Structure formats: C-alpha cells, structure tokens
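Number of protein chains: 2
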Amino acid sequence: MSQKIPYKIYLNEDEIPTQWYNVRADMKNKPAPLLNPATLKPLTAEELEPIFCKELVKQELDNDTAWIPIPDEILNFYKMYRPSPLVRAYFLEKALGTPAKIYYKFEGNNTSGSHKLNSAIAQAYYAKQQGLKGVTTETGAGQWGTALSMACSYFGLDCKVYMVKCSYEQKPFRREVMRTYGASVTPSPSDTTEVGRKILAEHPGTSGSLGCAISEAVETAVKSEGYKYELGSVLNLVLLHQTIIGLETQAALKKYDIKPDVIIGCAGGGSNLGGLVSPFIGEMLRGEADYKVIAVEPASCPSFTRGKFAYDFCDTGGICPLAKMYTLGAQFIPSASHAGGLRFHGMSTILSQLYHDGLFEARAVEQTSVFEAAEQFARVEGILPAPESAHAIRVAIDEALKCKETGEEKNIVFGLTGTGYFDLYAYQQFNDGTMSDTIPTDADIAAGLSKLPKVDL
Amino acid sequence: MSQKIPYKIYLNEDEIPTQWYNVRADMKNKPAPLLNPATLKPLTAEELEPIFCKELVKQELDNDTAWIPIPDEILNFYKMYRPSPLVRAYFLEKALGTPAKIYYKFEGNNTSGSHKLNSAIAQAYYAKQQGLKGVTTETGAGQWGTALSMACSYFGLDCKVYMVKCSYEQKPFRREVMRTYGASVTPSPSDTTEVGRKILAEHPGTSGSLGCAISEAVETAVKSEGYKYELGSVLNLVLLHQTIIGLETQAALKKYDIKPDVIIGCAGGGSNLGGLVSPFIGEMLRGEADYKVIAVEPASCPSFTRGKFAYDFCDTGGICPLAKMYTLGAQFIPSASHAGGLRFHGMSTILSQLYHDGLFEARAVEQTSVFEAAEQFARVEGILPAPESAHAIRVAIDEALKCKETGEEKNIVFGLTGTGYFDLYAYQQFNDGTMSDTIPTDADIAAGLSKLPKVDL
Chain W
1 MSQKIPYKIY
11 LNEDEIPTQW
21 YNVRADMKNK
31 PAPLLNPATL
41 KPLTAEELEP
51 IFCKELVKQE
61 LDNDTAWIPI
71 PDEILNFYKM
81 YRPSPLVRAY
91 FLEKALGTPA
101 KIYYKFEGNN
111 TSGSHKLNSA
121 IAQAYYAKQQ
131 GLKGVTTETG
141 AGQWGTALSM
151 ACSYFGLDCK
161 VYMVKCSYEQ
171 KPFRREVMRT
181 YGASVTPSPS
191 DTTEVGRKIL
201 AEHPGTSGSL
211 GCAISEAVET
221 AVKSEGYKYE
231 LGSVLNLVLL
241 HQTIIGLETQ
251 AALKKYDIKP
261 DVIIGCAGGG
271 SNLGGLVSPF
281 IGEMLRGEAD
291 YKVIAVEPAS
301 CPSFTRGKFA
311 YDFCDTGGIC
321 PLAKMYTLGA
331 QFIPSASHAG
341 GLRFHGMSTI
351 LSQLYHDGLF
361 EARAVEQTSV
371 FEAAEQFARV
381 EGILPAPESA
391 HAIRVAIDEA
401 LKCKETGEEK
411 NIVFGLTGTG
421 YFDLYAYQQF
431 NDGTMSDTIP
441 TDADIAAGLS
451 KLPKVDL
Chain U
1 MSQKIPYKIY
11 LNEDEIPTQW
21 YNVRADMKNK
31 PAPLLNPATL
41 KPLTAEELEP
51 IFCKELVKQE
61 LDNDTAWIPI
71 PDEILNFYKM
81 YRPSPLVRAY
91 FLEKALGTPA
101 KIYYKFEGNN
111 TSGSHKLNSA
121 IAQAYYAKQQ
131 GLKGVTTETG
141 AGQWGTALSM
151 ACSYFGLDCK
161 VYMVKCSYEQ
171 KPFRREVMRT
181 YGASVTPSPS
191 DTTEVGRKIL
201 AEHPGTSGSL
211 GCAISEAVET
221 AVKSEGYKYE
231 LGSVLNLVLL
241 HQTIIGLETQ
251 AALKKYDIKP
261 DVIIGCAGGG
271 SNLGGLVSPF
281 IGEMLRGEAD
291 YKVIAVEPAS
301 CPSFTRGKFA
311 YDFCDTGGIC
321 PLAKMYTLGA
331 QFIPSASHAG
341 GLRFHGMSTI
351 LSQLYHDGLF
361 EARAVEQTSV
371 FEAAEQFARV
381 EGILPAPESA
391 HAIRVAIDEA
401 LKCKETGEEK
411 NIVFGLTGTG
421 YFDLYAYQQF
431 NDGTMSDTIP
441 TDADIAAGLS
451 KLPKVDL
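Heads up: the sequence lines are chains W and U, in that order. Each step along the first sequence adds one to the number in my numbering, with nothing skipped, and position 153 is 153. Each step along the second sequence adds one to the number in my numbering, with nothing skipped, and position 55 is 55.
These are calculated hints, taken from the structure and not from any lab test. Some hints here could point you the wrong way.
[To be verified] Derived CB-CB ranges, DEER-like:
1. Gly97/W / Thr18/U: 49 to 59 Å
2. Lys259/W / Thr192/U: 26 to 36 Å
3. Thr438/U / Lys402/W: 56 to 66 Å
4. Ser184/U / Lys223/W: 53 to 63 Å
5. Thr438/U / Ile333/W: 47 to 57 Å
[Claimed, not checked] Below 35 Å or equal to it, Euclidean Cα-Cα: the simulated DSBU-like pairs (lysine-lysine) are:
6. Lys101/U / Lys8/U
7. Lys4/W / Lys259/U
8. Lys94/W / Lys54/U
9. Lys8/W / Lys254/U
10. Lys54/W / Lys8/U
11. Lys101/W / Lys101/U
12. Lys8/U / Lys133/W
13. Lys292/U / Lys4/U
14. Lys94/W / Lys28/W
None of the values given here were measured: they were computed from a predicted structure. The beta-carbon is built from N, C-alpha and C at its ideal position, and this holds for glycine as well.
Please construct the entire structure, taking both the sequences and the accompanying hints into account.
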C-alpha cells in the first residue's frame, strides 16, 4: 500500500488548538434557554451561581462568543494525554474490503478511559480559580467520576462523588480508580443528604438512580461551604470544552489535506457528539463546507429518532432545570442497556436545535449489532471499544460497506470516545450469547411523551 | 518552562526499528544453554521443535547473530500500537522538585495493556508461517494470554489459553477480553489433559498454579496436530522480540540528543527488563557507552538480590528444561504479591549472565512503597500503572530524589510496561490500608535454595 497518511496522525504539541469553539455564535436559531423548574422562566446567572462555578455559568449562557481562549493551565494539563491520535483505520478498511477511507479520533488513551477528561479538567480549573475547596458530582457508569477525580487530584481539590449504588457495588474497579485519585466515593442514595435519607426511608432496598445521585450531589454542593456542583454532559459548557476533539480532528485532517465526507458520533447527553461535530457544523453554518453528519443512538433510548422536541425536565425527580430538547420524557426508563452513557432520556439543547434545523441526521442501532461491530473492530484495530463508542463504529462500518457497494472512496471520520476495559460484563454477555435487544414499543414512547410538562414561553 | 523536548516523543512510523537486537552476539560470556530435564544435557533444536515453532527455536539457540530483521507482517502489525511514546515526566519532575530529567517508555497503550504484545505478535507470526492451526499457552495474571489472543486473532490462528483457575475466577474481565479476541480459555487444572486430570484427582479443590497451567498447555500442544506451545517471558527469543522497546527508546532519545544516565526496568522473568535494557547493555559490551542500569524486583521474590546463580528447573513440577539463572529454587513460593508478573522464582538466562558479569545492579523493593509510588505517579502523570511497572517507578522516584539532594541533572529513563486497569483489587487493598509486605526470611530463602538440582556440565 502506497501510503503517505500514517496509521496515527498526531499533531505536534504546539499544534493543539488554544481556543474552544462555541457553535452557538454561528447558530441562527439559538438553543432555547434552561428554565427554572419553579418559575418556568429562563434561568439567570444569579440563579445558576449557587450551584455552578461563576466562569462556567458565563460559558453556559454565552450564545455569542465564537472562540474562547483555553487557559494555559488547562493547555498544560492537556499535554498529559493530548493530542489524541486521529487513526487511519487501515486494518478495518482491509477487513471490510471497502474503498472508503476510515479515520477515528481516539479519546480513550487516558486513565479515565474516555473523552470526559476534556471537560473535567476545565471544570476543575475554574473551581480552583474561584478559590473553592472542592466539587461534588454524580456518576453512573463511572467515566465522568473518574475523569473529575483525576482533574481534581491535579489541582488539589476535594472531589465528592455520588455513585449510583448498583454501579458502586457492581463496578468496584471504577470506584477504586476514583479513590486512587483521592476522591471520596459515596454510594447513592446515602444518609449524607436529606434527599438521600428521604429516599432510603421510602425505598429501603433501592439500588439508586442517576437522578437521585444528582440530587445528592447538588444538595451537598449547595450546603457545603466552598463547594460547587459539576456535570459531565448535556450542558452547553460541556460541549464547549469538548470541541477540543473536533478542533484537533480538523487540524489533523488539514495536515494531510483530507476532506471528510461523513462524520459520525455516538449520542448520549451529547458531550462527545457535540464536541466532535460542532466545529464541522460551524463550517456548515458559515457556508464554508458541507458534510454528512450522523448521530448514533441506541434503539433502546432513541431520543433523536423517536423523541419529541420540547421542554422537559432533565431529571426524573423534576428538581433540575427544564431544557428544550429531543426527549423521550423524563419518566421514560430505557431498558437495561450496557451503554450506560447513552441512556439519558433527553439531549443537549444545542444538538437538539441543530438536529431540528436539519444540520445532521440520526440513526438508532440495536445493541447486539453494536457489539458485533465492537468485536470486529477490536480484532482488527486492536482497541477494545467502550459500548458507547461502538455505536459510532457500527454506523461507520455500515457506511463503509455502502461505499463497497457503490465503489465510492468516501472519507469517513468517527469518534472513538473510549475503551471498554470496565465494561467487560457486557462483553461477557455478548460472548455468552445472552445479550438481547429491547426496543421500546410505540406505547412505551407515547407513555413517556404523555407526561411532558406544559411550558408557554 | 522553555522546552524543546515535548511531553511525548513519538517516532515517525518510518523510524520504527526494523531489526531486533540479539545481545548474546555481543556477550563474551554467553548465557548457559537450557538443559533437558531427563538427560541434563543441553537441549538441541530437535528436542525443542516438538514443542516450539521452528523459527522460534532457531532464535532461541542463536547466540551469534546480532541483528535479526523483523518480518514485514510484524512491522505492519506494530503500526497498530507502535511506536509507543517515550514520555518526558515533566509533571512528576515538578511534583518531586528534582533537577533530574525523567523519561518513561510507555508500553501500556494497547488492549493487552502491556509490552507482552511485542513478543506475542512475533510468536503468532512464526506459527502462521509454519502453517499451524493454532497455539497453546498458559496465563496467570492474564496479560500474556490477552496479548497472544490478540495476535492470534490477527493471523486467524486458534488460541487455547490455560488460565490458572483462581485467576480465571477472580479476573473474569481478563478472561472476557481473551474470549472477545476469539481465544478459548480453560481454567487450569482442567479435565482436558492427562496432567490436569491427575492433579484434579489428587487435589480436588485446587485453585491451580502457573506450573500446572504450563504443563497442560505443553501437553495440549504436543498432542494436538498443528499446534505448538508459546511462552511470554524468560526465553531468549522473547527477550529478542522485546528489544523493540529499548531500540525505540534509543531512537527517541537520539532524536533529541539525550544521553541517559540511569536506566531502570522491573524484573520478573525478564521480558521487559531485557527488552528495555539489552540494546543499552550492548553499547556497554561494545565499549561505546556506559550506563547505570537497575533491575527492580519485589522484596517478596528477590531472585537477583537474594537468589543463587545456578542451574534450576523453570517449573515447580520439574518437567520443563533447566536453566542457569538467578533462582530462589523452583520450590520457593513467594508470598501473595499483587505484582503477579514478578513472582517467578527464576530469571532469564541472558539477564542472569549479564548480572553475574556486573553489567547492571538490582534492587528489591517492598510492595506498599511500590503502591505509594504508583499512586503518586498516577496522580501527576495521569496513568494508572500496573503493579509490576510501579516497581520501576519506585526506583525512578528514589533516584530522582537523590538528584534533588545532590543537585545532579541526571537523565533517568524507566520502562512503564503497562496499565493497572485489571489490578484494581490490589489498589483497593492499598486504598483500604490492608496491604502488607511479606519478605522471605533467611530460612525461607535457604530452604528454597537447598533443593537446587545438582548439575555437572
């Protein structure tokens, strides 16, 4: 193979982007504001600052500034694990026999195992800048909690993680990584908060939920002097930090004069998808380029493809802000899917608006087909992917196989958000042939959507 | 900081070495030959070939050829995960406040999680070349088994792994990685072999041992048409393949005109240590340079520092060849240490001879101090190290702290062989404060050495 393009494209350290890109500045239709759940009015900075760091609130509400400089200390930390490689999937292309050229941006080569560290380090930095003692957060599968623990350890901040109790018990290894980075990890619900005690009293044997863990983390932040709450997805500020993924991808592609045709990302709350695709969508919004962008979601939790674009609560309990987003309803409970990071009933407001405006398409894929793609990928590319990431692999393979039929030499780029080293129970089910697909019925979807709150703005 | 040296030095893909280095060619005192356990005579190629691949036997016995070309297909596979970065540990230097410059060669960025893949891909290649159907091996902690599974998957070879039963049960995740790569994993002892059935009959509740798993893997290879046995450490051929680590390190250092003063590697069977240091020791043997080379072993299994340089069996059962090596005696049972990869009672014959000839020094370190180093390293450098690798970190930190006292700006290079994602039970013990150090008494050592076989050559 005559090959000018290496297997792994690494930017030099001085080529790492020094600004984040805020796609909102280029959007004609801005994402709808978050609403106060009590008043149903747009949340102000003053209302958000008791919970979140001041600078992060500013980033959350800023719909106008296109380019935001990345502080030096964050750029310095990036050098611990960035630039991440843009990998040319030569092995996968050969295995598929496709004329397509496949590239993936691999965010898993750090101990948190995923892209989550990109926002964690930024959020920890702003907490440190504000003179805080520490931060609180919740974690389900554990990737975000691990990332925030690493970031807090770097800045000498205390990190209190509420970990959904069933994960705390079933994923002791994730818990130990967080503890190794000095975080305190509390199974949720716990008796350390009012909301936790209330839930424990009402449901003594409960194994917890993400909604409950969020409530405990927020309560602890608000009630503890010198603490704020941090969140790893959905928010505008998170998408902003994650644009380092897409910006590095653009720089790496440019270095070898590659124009992508198809860009694919998996979609949960939107942190990875938004981070990868928004710099490209920015080019589309500014009329500079055109790409086929595909969001991939699990068929078990299909917010884009079967949800409704409407205001909804972000949590099951209805105490968090409302967001206008593609949602299945805050009461929708997805079947037990192993892609824990893709089980959110809603979606980033930025991505929801962009999808509504036709900037990208979405596909829902079934779990077993996702693990088939994961296995094939692992065997030829040597990386065991996280189940979340494997959703993007599935569609990348599908697109590459289409090119095989048509003979098109398309450039396909997808985001490989992380590794599956802590997801091997799911792989075991797949290896054993006991994995199943559960797709919500139309009645399930209708039931979830029937309880959307009524909001008149 | 004014910094011409990046955080991560990556060679370009065309700078990856294309030859392995065979240090035996430059050794005045050649490593002593392996002996047939029945005849106590040096093993011939004819005796080894029923067990091992022909080309590998040739490499094992070749004491003369200094440079051996790496076949193209192996070089091609290398591009999946090599070159591995040589990382400048700026964060660690800062945390230690040392004037020393610390570099580590990181071999953990592949799904096997360690350097073991370097030899696995070579051994699988030669098996494929020889037209075999598949290979057998044993695995304890699981790193070698995972690496060989990946390599066999790439070449379409069947891979039968005998996994020590207690690891099979306690490390189900490693097992599932191997299965995802298509290997069949059998808990050992098993009823699939004569030796397994015999052991099961004699010790019905046994949780197995590496020695037993080796015996099962060898028996299966010898009795199965089209199968050979493969081994991931100790052997000369393994050290040969692993020199890619040291050769890449040399090339990366040369690129930035860095002359190392101290080179540190952890020592179990010797695959990592030999791979990292033998190209440097080659320079010493040829009189081209001088380095301080340090082997680090666990105080619980101190073969270099408290063992004897003598012929001994490589396995507990005494059915494998004898090797002249630093040994604690084949009957020596190290206390339960979590650095599973460093629990071998003996040592590579090449490294044993080099140590005997004064080419490097050795240090034994205690487990809790190793995990203290691991934690410190993880927090500042962002990589959660394998317990084995953390032995090298411990001594690298110690050396850097000495430089802090003396003000010397030494260049310290160490091998970071892998990640600890599958070793979190050990981290949990450390986090909980329940980890202990068990150092063999002089009587324990004497007892182990009292049973060395008598060999007159």
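For each hint, the structure was consulted:
The hinted range of 49 to 59 Å is not satisfied by Gly97/W and Thr18/U, whose Cβ atoms lie roughly 28 Å apart. Distance hint for Lys259/W and Thr192/U: a CB-CB separation of about 54 Å, inconsistent with the stated range 26 to 36 Å. Hint check: Thr438/U to Lys402/W, Cβ distance near 60 Å, so the stated range 56 to 66 Å holds. Checked against the hint of 53 to 63 Å, the pair Ser184/U and Lys223/W passes, with Cβ atoms roughly 54 Å apart.
For the pair Thr438/U and Ile333/W, the beta carbons lie near 49 Å from each other, so the given range of 47 to 57 Å is met. Distance check on the hinted pair: Lys101/U and Lys8/U sit about 13 Å apart at the alpha-carbon level, within 35 Å; holds. With a C-alpha separation of about 32 Å, the suggested pairing of Lys4/W with Lys259/U holds against the 35 Å cut-off. Of the pairs offered as hints, the one joining Lys94/W and Lys54/U holds, with about 30 Å between alpha carbons and a cut-off of 35 Å not exceeded.
Taking the CA atoms of Lys8/W and Lys254/U, the gap is near 22 Å; set against the 35 Å cutoff, the hint holds. At most 35 Å may separate the alpha-carbon atoms for a hinted pair to count; Lys54/W and Lys8/U meet this at roughly 34 Å. With a C-alpha separation of about 41 Å, the suggested pair Lys101/W and Lys101/U falls outside the 35 Å cut-off, and the hint is violated. Distance check on the hinted pair: Lys8/U and Lys133/W sit about 32 Å apart at the alpha-carbon level, within 35 Å; holds.
Distance hint between Lys292/U and Lys4/U is fulfilled; the C-alpha atoms sit about 25 Å from each other, no more than 35 Å. The suggested pairing of Lys94/W with Lys28/W is violated, with an alpha-carbon distance near 42 Å, which exceeds 35 Å.
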